[in-house]
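Here's the letter readout for the chains.
There are 2 protein chains.
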Amino acid sequence: MDFDGTMCPKYQRAVDLLARRWTPLIIRMLLSRPRRFSELRATIPGLSDRLLSERLKEMEEEGIVVRQVYAETPVRVFYSLTAKGRDMERIVAEIQRWADKWEQLPLEHA
Amino acid sequence: MDFDGTMCPKYQRAVDLLARRWTPLIIRMLLSRPRRFSELRATIPGLSDRLLSERLKEMEEEGIVVRQVYAETPVRVFYSLTAKGRDMERIVAEIQRWADKWEQLPLEHA
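Chains Z and D are the protein sequences, given in the same order.
Under my numbering, the first residue of the first sequence is numbered 2, with each subsequent residue one higher.
Under my numbering, the first residue of the second sequence is numbered 2, with each subsequent residue one higher.
Keep in mind the hints are simulated off the structure, nothing from the lab.
For clarity, every value in this text was computed on a predicted model and none was experimentally measured.
By construction, the Cβ of each residue, glycine as well, lies at the ideal position given by its N, Cα and C atoms.
Treat the hints with caution; some may be incorrect.
What the hints assert, rightly or not - Some residues of chain D that are not near chain Z, with every Cβ distance over 12 Å (derived):
| hint | residue |
| --- | --- |
| 1 | 17 |
| 2 | 20 |
| 3 | 49 |
| 4 | 72 |
Stated by the list, open to error - With a cut-off of at most 20 Å between alpha-carbon atoms, the simulated DMTMM-like pairs for lysine to aspartate or glutamate come out as follows:
| hint | chain 1 | residue 1 | chain 2 | residue 2 |
| --- | --- | --- | --- | --- |
| 5 | Z | 102 | D | 61 |
| 6 | Z | 11 | Z | 88 |
| 7 | Z | 102 | D | 90 |
As the list claims (entries may be wrong) - Calculated Cβ distances over 12 Å to all of chain Z for the following chain D residues:
| hint | residue |
| --- | --- |
| 8 | 50 |
| 9 | 54 |
| 10 | 71 |
| 11 | 75 |
| 12 | 78 |
With the sequences and hints as input, model every part of the structure.
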């Protein structure tokens with residue numbers, strides 16, 4: 002891919018979405034399977050109910066996540082990725098690859 | 002790649018780095034070639050000298066960027082990516098691919 006050094010509004014918009022705290026972690030968790038709210042909440046230490054709700058709502062509005070309600074007793078609610086959300090797997094995989102390669106090394110100017 | 006839904010500190014650290022405002026855009030610009038401070042500043046509307054200095058300093062500390070001084074008259078200073086920084090090209094490319102594919106579409110729940 003060729004980067005000519007100009008601004009790209011689409012790139013910047015995608016980056017702004019990924020920059021929201023916990024969003025890339027929630028996406029990473031939902032890549033394996035749909036999750037319940039309580040499950041997402043339990044995995045991320047320090048994440049409040051309010052902030053998790055906010056993030057999931059934003060992701061629904063962006064068309065990345067869908068909220069699925071199963072009318073059982075008790076009602077069960079699952080969050081899962083849309084096609085647009087699942088297509089972020091390649092971004093997540095590249096961040097993971099980079100992190101596994103570089104983050105364990107001492108900081109050095111290569 | 003298999004994501005088991007657990008926390009990964011390395012992943013989270015990489016994500017936190019990329020979440021800093023303008024950092025992914027600066028990396029994208031430096032992928033094409035080394036850049037002078039003024040050049041980076043001019044391309045990003047609304048980016049102050051102070052904030053750009055701060056971001057570049059952080060990126061130097063993370064071992065992503067090097068500052069190269071050419072002892073000419075007048076002195077010229079260039080910023081370029083280290084091997085660790087250049088290896089982010091695949092992350093940037095995946096974000097760009099995703100953005101080009103999805104960001105032009107109306108928001109919809111696929």
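Now for the hints, and whether the structure bears them out:
1. 17: It is violated; residue 17(D) is separated from chain Z by about 8 Å at its closest Cβ, not greater than 12 Å.
2. 20: Violated, since 4 Å does not exceed 12 Å.
3. 49: 16 Å, holds
4. 72: Since the minimum Cβ distance to chain Z is about 19 Å, residue 72(D) lies beyond 12 Å and the statement holds.
5. 102(Z) with 61(D): Distance of about 18 Å is within 20 Å: holds.
6. 11(Z) with 88(Z): 16 Å, holds
7. 102(Z) with 90(D): 14 Å, holds
8. 50: 18 Å, holds
9. 54: 18 Å, holds
10. 71: 17 Å, holds
11. 75: 23 Å, holds
12. 78: 16 Å, holds
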